[in-house]
Amino acid sequence: MSKWVIKGLRTGIKTTQYPRKMETASGVSPGLPTAAKGTEKEVQELVFNCPTGAIERSGNQLTVDYNYCIHCFRCKRGSQSPMGWDYGYEWAANTKDSGANRGLGSAFNRSINIRFVDGGACGACISEIEQLNKPYYNMHRLGFFATPTPREADVLLVAGPVTDHMRLPLKKAYDAMPTPKLVMAVGACALSGGIFGPSFMSDAGVSELIPVDVAVPGCPPPPLAIIHGLLLAVKRKSSALLTSSEVRG
Amino acid sequence: MVQSLNKATEWLNLSEISANRWPGKIKVRCKQDRFICHMECDKSIVADVCNWLFSELDYSFASLVVEDLASEQLLTYIFYGGFGNGLICVSYRISNSTTTVPSISNLIHAVDWHEREIEDLFGLVFEGHPRLGDFVLHEEWPEGINPMRADFDPSNPYIHREVDPDWRPLRIVQSPGAFMMPIGPVYSDFAESAHFLLETVGEDVIRIIPRFFYKYRGIEKIAEGNAVEHVILLAERFSGTSAFAHSLALCKAVENISGIEVPPRAKALRIVLAELERLRHHIGAIAGICSSTAFAVATSQASILEEELLRLSGVLTGHRYLFGLNILSGLSIDLADDAIGMLAKNLRGLMVELNKLKKLLYFSSSFLDRLEEVGAVSLEDAVSHGLVGPVARASGLLRDIRKVLPYSGYEKLDFTVPGEEEGDGYARLRVLFAEAEQSVNIINQVASSLPPGSVNAKSFRIAPGEALGWVEAPRGASFHWIRVGEDGRVLRYRLTTPSFSNWHGFHLAAENFAFQDFPIIMATFGLSNAESDR
Ligand code: SF4
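Listed in order, the protein sequences are those of chains H and Y. Residue numbering for the first sequence follows the working numbering, beginning at 1 and increasing consecutively. Residue numbering for the second sequence follows the working numbering, beginning at 1 and increasing consecutively.
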């Protein structure tokens, strides 16, 4: 057993400094497209090629609705695309449901319990959420803990478009949570149904069933974006926007 | 396992033997070059023909594809053989109004779940199957509405059935103190949605009734009518942890139909990326096994390597889970030679760490106690239940698609298929470690002689037709059947995944073991419900 102790000590600290300092390692985020201006032809092509209709245009100005973007890179890897790309990860945003009468209150600023419900996620979102429990991201240092039961959860984390068969379990889990409570939707599927919903078997995201307070876009959102979402839930970080508004290019 | 057949002679004789055995009832077309053989037979002999392939010729069952065509229904059983024995498609046609077909799952148990799925989704009744009933579609789905039928309109909302609140599953174990323990669908910290009913008398789990498809998103249905490019997004995203393998299988099927040439550089890079995904998956699975035994230090060590591979994938390709790479005719991006050099260098460092971890684990007796002789699956069971991938190879069933049906250039590489015989949790762990090592070996071989050139074709046309694509996904053999119509839209997409095949045999491992072994056995199987439920 002593060998393990030595091995553990030798490994040193791997954990990210975020949110104290921004993480600068590469490969922690796939990035998101940002707004752009283009020629008429480019604009038409980009809007046409986006498989989820995430790109909207007004004149030659393009904006991206992050509720729908699934990181397919088609607007980036096309020939000479004018689309900008933002490699950040502070993507989490408040939604229209998150209002004054919701929210956890200051008593929860330091520590919250999180219950996760899989509403039909593909596994990538789940894998990224799992990373939060692991050395590189270690959410415990921030006072965030996973709990096996909704009855002691403050935040419900939901991934997936919410499939037909998961509607009832999700509602039950939500109802079992004590108030005050928050819901955080993780990933494009949970925000809009993504590429799967709405369909005969999937909803158009979690907000069709229960109110969502924090939205984390991405397909999947990288672990740092999910941490940003949790920090936003306890008001230790401020909200990003769910559409790209800034003009670049 | 019986040794593989003498490929040339047996292959040529297939048509002769079957014509002699079932005169006038079977038509055989073999494509010598591609190793695909089509047998079109009469409904009355399909069970015999399939049983002949499975029991006598040692073919493995791959998939059952049902197609609801305009004037008839077409059922195709797909089998694959050992090295060099190719694929055999056994098909028969029935009229649109036919609702009962013969069951073959009493002869080939691997077909069991396929038949149950098709009964739910197509409304075909397999005569003689003992357990038809709610399977993919749960009890609130209206009876008699079959979503995979051509006339089902997926855009119409349907009325949910009222669920009987007093309904309880049938209990088999009757003894004093016996009770039923439900697990799921929302359980554990970050588990996928699935439900297990464990029948127990206190300590040992006597019987397991899994209830899956909580995550059924109807991928096969929502693919229909869409352009192939769109369906690639579905193939990539239905199981995010094996995205590259599945999108590759689909691309290969369509490239096959349309005769699209994949440039040599793209072929080589596809191998690099597929092995990178396998490596990441296996290390993630090892972390899962350590975590299931509550071994925190080892879990952390494996998780560090997993995150490092995720970051490496992100740096190389822009996406941590390799989304958006496979396109028809190749890859959407090229990897620069120095990027490949960086990958090889990083993998060397990673292998050193992985080997250290392996050594430490193999000498930690308290850890091994939880794995050894726990959750054992015999070779016979693995064969009869049609298990695939590392799970099957840990039981001695050494069928790896990269060897038996080589694709994308695997035939030119020098690698071994690690196998074990015990079939227990420890054997599965050893297979994962050994395969991870082989993946690094493969990446190094390809990286050292990467052909120059482009990574995709500038122009090609998508032709109508049907084809099967296959890959050895990280969890095992995966088969994607696709039929493309005249307008280039998908008419039928059938997805057979390794998790689906292996969950079918999961109860073999977990029954008759102690309660507390259940999560460990589950971790050593390392399966995904997203991949299984589709
Ligand atoms: S990356 Fe996002 S915005 Fe760009 S084409 Fe894909 S889905 Fe649309």
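It should be emphasised that the hints constitute simulated quantities derived from the structure, not laboratory data. One or more of the hints may lead you astray.
[Claimed, not checked] In silico SDA-like cross-links for lysine to any residue, where the CA-CA straight-line distance does not exceed 25 Å:
{"no.": "1", "chain 1": "H", "residue 1": "LYS172", "chain 2": "Y", "residue 2": "GLU353"}
{"no.": "2", "chain 1": "H", "residue 1": "LYS7", "chain 2": "Y", "residue 2": "GLY349"}
{"no.": "3", "chain 1": "H", "residue 1": "LYS171", "chain 2": "Y", "residue 2": "HIS138"}
{"no.": "4", "chain 1": "H", "residue 1": "LYS172", "chain 2": "Y", "residue 2": "PHE190"}
[What the hints assert, rightly or not] Pair ranges (Cβ atoms, derived):
{"no.": "5", "chain 1": "Y", "residue 1": "PRO165", "chain 2": "H", "residue 2": "SER238", "range": "43 to 49 Å"}
{"no.": "6", "chain 1": "Y", "residue 1": "THR100", "chain 2": "H", "residue 2": "ARG57", "range": "53 to 59 Å"}
{"no.": "7", "chain 1": "Y", "residue 1": "HIS160", "chain 2": "H", "residue 2": "GLY88", "range": "53 to 59 Å"}
{"no.": "8", "chain 1": "H", "residue 1": "ARG57", "chain 2": "Y", "residue 2": "SER97", "range": "45 to 51 Å"}
{"no.": "9", "chain 1": "Y", "residue 1": "ALA514", "chain 2": "H", "residue 2": "ARG77", "range": "35 to 41 Å"}
{"no.": "10", "chain 1": "H", "residue 1": "ASN49", "chain 2": "Y", "residue 2": "VAL173", "range": "52 to 58 Å"}
{"no.": "11", "chain 1": "H", "residue 1": "PRO211", "chain 2": "Y", "residue 2": "SER448", "range": "53 to 59 Å"}
{"no.": "12", "chain 1": "H", "residue 1": "ARG57", "chain 2": "Y", "residue 2": "GLU127", "range": "40 to 46 Å"}
This one's a predicted model, so the numbers in the text were calculated from it and none came from an experiment. No residue lacks a Cβ here, since even glycine has one placed at the ideal position from N, Cα and C.
Hints and how they fare:
1. Distance check on the hinted pair: H:LYS172 and Y:GLU353 sit about 44 Å apart at the alpha-carbon level, beyond 25 Å; violated.
2. A C-alpha spacing of about 16 Å is found between H:LYS7 and Y:GLY349, which places the hinted pair at or below 25 Å, so the restraint holds.
3. The straight-line distance between the Cα atoms of H:LYS171 and Y:HIS138 is roughly 17 Å, inside the 25 Å bound, and the hint therefore holds.
4. A threshold of 25 Å between alpha carbons decides the hint, and for H:LYS172 with Y:PHE190 the separation of about 17 Å falls inside it, so the pair holds.
5. Checked against the given bound of 43 to 49 Å, the beta carbons of Y:PRO165 and H:SER238, roughly 45 Å apart, stay inside it.
6. The given range of 53 to 59 Å is respected by Y:THR100 and H:ARG57, whose C-beta atoms sit roughly 54 Å from each other.
7. The supplied range of 53 to 59 Å is broken by Y:HIS160 and H:GLY88, whose beta-carbon atoms lie about 42 Å from each other.
8. Taking 45 to 51 Å as the suggested C-beta distance range, the pair H:ARG57 and Y:SER97 conforms, at roughly 50 Å.
9. Taken as a hint, the range 35 to 41 Å is violated for the pair Y:ALA514 and H:ARG77, whose Cβ atoms sit roughly 52 Å apart.
10. Taking 52 to 58 Å as the suggested C-beta distance range, the pair H:ASN49 and Y:VAL173 conforms, at roughly 57 Å.
11. Between H:PRO211 and Y:SER448 the CB atoms are about 55 Å apart, so this pair conforms to the stated range of 53 to 59 Å.
12. Taken as a hint, the range 40 to 46 Å is violated for the pair H:ARG57 and Y:GLU127, whose Cβ atoms sit roughly 57 Å apart.
The earlier numbered hints that this structure contradicts are 1, 7, 9, 12.
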